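Here are the chains, one letter per residue:
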Amino acid sequence: MYGCTGRCLRVNLSEGKHSIEEIDPELLDKFLGGRGLGVKVYSDEVDPQTDPLGPENKLIFVSGPLVGTGAVTGASCNVVTKSALSGTIVCAKMRGHFGAELKFAGFDMIIIEGKAEFPVILSILDDKINIQPALECWGRTTSETEEVFKKNLTDKWADRETYLVSIGPAGEKLVPLANIVNDRLLSVGGAGIGAVMGSKNLKAIAVKGSHSLSVADGDRFVRVVTTLINKLNSAPLTSQSMSAWGSAFLVGLCNQKGVLPQKNFQAAAFTESKDIGTEALANAFALRSRGCFACPIACIKKTDVNHPLFKGKGMAPTYWAIGALGLNCGIRDMTTIGMANMICAEMGLDPIAAGGTVATAMELMEKGITSSDTLKLEFRFGQGEDLLQALTLIATKKGHAKRIGKGGEALAGEYGAPGSFMGVKGLPMAPFDPRSIQGMGLHFATCNYGPHHLYAYTFIDELLNVHEELDPWSTEGKPELVKRYQDMGAVIDSLGLCNWPLMGLKFNNFVPMVNSCLGTDYRAEDLLKIGERIWNQEKLFNMRAGFDHTHDTLPQRFVKEPIPGGPAEGQISKVDEMLPGYYDLRGWSKKGEPLPETLDALGL
Amino acid sequence: MPRIKIDHSKCTGCRHCEIACSLNHAGVANPRRARIRVFREGNVFFPVIAGPFVDAACTSKVDIRIGDQVYDMCLLCRASCPQKPFFIEAETGFPLKCDFCGIPPNPSCVHWCNSGALELVDD
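Note that the protein sequences, when read in sequence, are chains L and U.
Quick note: the first sequence uses this note's numbering, first residue 1, plus one each step.
Quick note: the second sequence uses this note's numbering, first residue 1001, plus one each step.
Incorrect hints may appear among the rest.
Stated by the list, open to error - Below, in silico cross-link-like pairs of lysine-lysine (DSSO-like), each with a Cα-Cα straight-line distance of 30 Å or less:
hint, chain 1, residue 1, chain 2, residue 2
1, U, K1097, L, K150
2, U, K1097, L, K128
3, U, K1061, L, K151
Claimed, not checked - Sample of chain U residues at the chain L side, in silico, Cβ under 10 Å:
hint, residue
4, P1002
5, K1005
6, C1011
7, L1023
8, N1024
9, L1075
10, K1084
11, E1091
12, T1092
13, N1114
It should be emphasised that the hints constitute simulated quantities derived from the structure, not laboratory data.
Just so you know, these numbers come straight off a predicted model, no measurement behind them.
Glycine residues also receive a C-beta, built at the ideal position from the N, C-alpha and C atoms.
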């Protein structure tokens, strides 16, 4: 088998046992690996009605077949489970070096079952699989956990090659907004998975190994990868903007187009973009590029945050952090946003979900629906200290912040103002205003994982006009665009690649790399078909978990209230107009359920 | 004579060079079989190219402090030395050494390094 190791590690924490299994090659054919494989195995093994935080729920870490082989941006490992925040299936994408190291340790997939009696760390170091107590690490922040674990390694050099994923205090306390953090402060995109890991009493997983991965046609593979690196190097977005600023370069652009939400999506215009654009970022932080495994773009920006708590190490905020933690809470000060981002990474909170929840609380308070006396916390738009305090308290589940930690939907529901929660399926929205970018709006409404940008990068065509020039305000051709990007995203995640190269490469460019690595002869259409199969598989799980077409909708604000000002003034989301066309394209009924013939054609 | 010039300040730590090397020399992807490794000290990544090991007294086992950062010079030493697990072929235990990918030099790590940290220079 090329690319894959073909082995899966199953760990039962209740019994403290583990077993090594072979992965069915037929499943790899049908679902590629990575996200597809994880979703298939998860939906076969877990009851959709299961309690996300119960011991019956499972947590799957799965690396795609291209991860670690040297394929361009082949780094990502996917975490599949049922989200503690939304209750849908969730497949969070993990960047960094963990996914590749997992492959070198000899496994494609780790399935975690049951619940440990006391906090443990799973370590897979040079074929020695060990479930060890996490006494020293429990209660520590994510970077401290890594430090403490590495210090205790007996082999003097092992810490140089060991990579960790861990949860912070938020995950330990089962806060639904928690996520997993890997490889020194890289958040794994997806809320609610940290709490699942915490519910299993699993603090961290460490991997290191020296297995080799074979490639089908080495000479051709090396040539194709070299071509792709050169192509990425000649595209302006991937070679200049992303390399210099990370995704934060989108801030200025989104602001110009009126896509950047403010104050819990109450406005989408901001006059002083110089306060928050790339210049401000460069002024606030000393940026230093850092790449995920085998990535020529290196969009992660390391920086120094001047705060005694963080000892001069940290990550510069990405677009998502600037949008969700910053402007959506009315905050413009870069240092505060950077601090908030660091608190999220250290405590193991999801920046988008935490930011959205705080913004909801701020709106409730601004409108007088609740007061600081009831919440015992101050929430004011634009007040950095309120945000920082709230994040710290949510993560540690102290006092009255417990209520807010349940998420924006629960909070807004409690005070009888569900309209103040800006999210879909219980998950706060990524910082794109769906009123001025219709395709993204349709994706947010229909995405199996809640409104997360990661699963369809339609803004590449709608805002950046890389492959096609599309009008973000028009609905024309948007259902097709969304379906194509969703399927493409499923394929890219399943292979273990990153979505960002799509800013410099066409999807077709990946195909020779896939074929020369795996020894297959896929065409682009074949891969997209597999993507569609994965998307439908996830949809089927969600349907059994109780999600139907009534959940494929956007908050009323986007459908009823036009954007009050700025470049996209007067725009409104036409999601209801686009939905029937989208269901049609997918071969789903009017109620958003896959028709039997669609499933037959996909072999489900 | 052609040499590989390393500018560690440009290195992003993506380790693509390790895979390029092992694919070229071992035919498989495995950083442990590569003749170039990227090590992290603090926030800085150091690409290190495997060099010869000689049986002379070692002068590298020192820590150098620059500012707040302590650099372990033993880690950054390029000898395929029996004291360290790096640059030793995993299965056979043979020491590894960079051969510039043949004559004339055509290093595959330089081709795949997009950050500019590795450069082939002739002087």
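Quick rundown of the hints versus the structure:
no., hint, verdict
1, U:K1097 x L:K150, "holds (28 Å)"
2, U:K1097 x L:K128, "holds (29 Å)"
3, U:K1061 x L:K151, "holds (20 Å)"
4, P1002, "violated (19 Å)"
5, K1005, "violated (19 Å)"
6, C1011, "holds (9 Å)"
7, L1023, "holds (6 Å)"
8, N1024, "holds (7 Å)"
9, L1075, "holds (7 Å)"
10, K1084, "holds (6 Å)"
11, E1091, "holds (9 Å)"
12, T1092, "violated (13 Å)"
13, N1114, "holds (3 Å)"
Checked against the numbered hints listed earlier, the structure breaks hints 4, 5 and 12; every other hint is satisfied.
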